[in-house]
Amino acid sequence: MKYLVFVALGGAAGSVSRYLLSQWTQAQWQGAFPLATLLVNLLGSCAIGVIFALLERQILHADWRGLLMVGFLGAFTTFSTFSLETFALWESGQAAQAVGYMLASVTLCVVGAGLAITLTRALL
Numbered sequence: 001m002k003y004l005v006f007v008a009l010g011g012a013a014g015s016v017s018r019y020l021l022s023q024w025t026q027a028q029w030q031g032a033f034p035l036a037t038l039l040v041n042l043l044g045s046c047a048i049g050v051i052f053a054l055l056e057r058q059i060l061h062a063d064w065r066g067l068l069m070v071g072f073l074g075a076f077t078t079f080s081t082f083s084l085e086t087f088a089l090w091e092s093g094q095a096a097q098a099v100g101y102m103l104a105s106v107t108l109c110v111v112g113a114g115l116a117i118t119l120t121r122a123l124l
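Read in order, the letters of the sequence shown are residues 1 to 124 in the UniProt record's numbering.
Hints were generated in silico from the structure; no laboratory data involved.
In this text, all values refer to a predicted model and were calculated from it rather than measured experimentally.
For every residue, glycine included, the Cβ atom is placed at its ideal position computed from N, Cα and C.
Each hint should be verified, as a subset may be incorrect.
Just the calculated beta-carbon pair ranges, DEER-fashion [said to hold, decoys possible]:
no. : residue 1 : residue 2 : range
1   : Ala53     : Leu123    : 43 to 49 Å
2   : Arg121    : Leu54     : 28 to 34 Å
3   : Val16     : Ala104    : 27 to 33 Å
4   : Leu38     : Val16     : 30 to 36 Å
Using the sequences and the hints given, assemble the complete structure.
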């Protein structure tokens, strides 16, 4: 139960942080490029790498995983998890799978979102 509370608290903080950072970025950047999302995803990917390494070396107690990685970064951005999984494949010598996972994830998710938008628009 304690773990779920940590995940929930981290998720609340992550989603609010994403919103605030996105609002601030959009106020600073008026271009059409989705800089806010890119910034959130980049920061989340960097953060999950740091937290993972700290947990791996037992510098952070394992309880922090639920709060920071699953909760905060899970709500802040799921791109961080994708990045960690891709790097884990690469680091374990599965370069072809890492590249395939990157290509498939980005391509399929963008196509899936596009199809869902198109279908939903057509149904509405």
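How the hints compare with the structure:
no.: 1; hint: Ala53 <-> Leu123: 43 to 49 Å; in the structure: holds, 46 Å
no.: 2; hint: Arg121 <-> Leu54: 28 to 34 Å; in the structure: violated, 44 Å
no.: 3; hint: Val16 <-> Ala104: 27 to 33 Å; in the structure: holds, 31 Å
no.: 4; hint: Leu38 <-> Val16: 30 to 36 Å; in the structure: violated, 20 Å
Comparing the model with each numbered hint stated earlier shows that hints 2, 4 do not hold.
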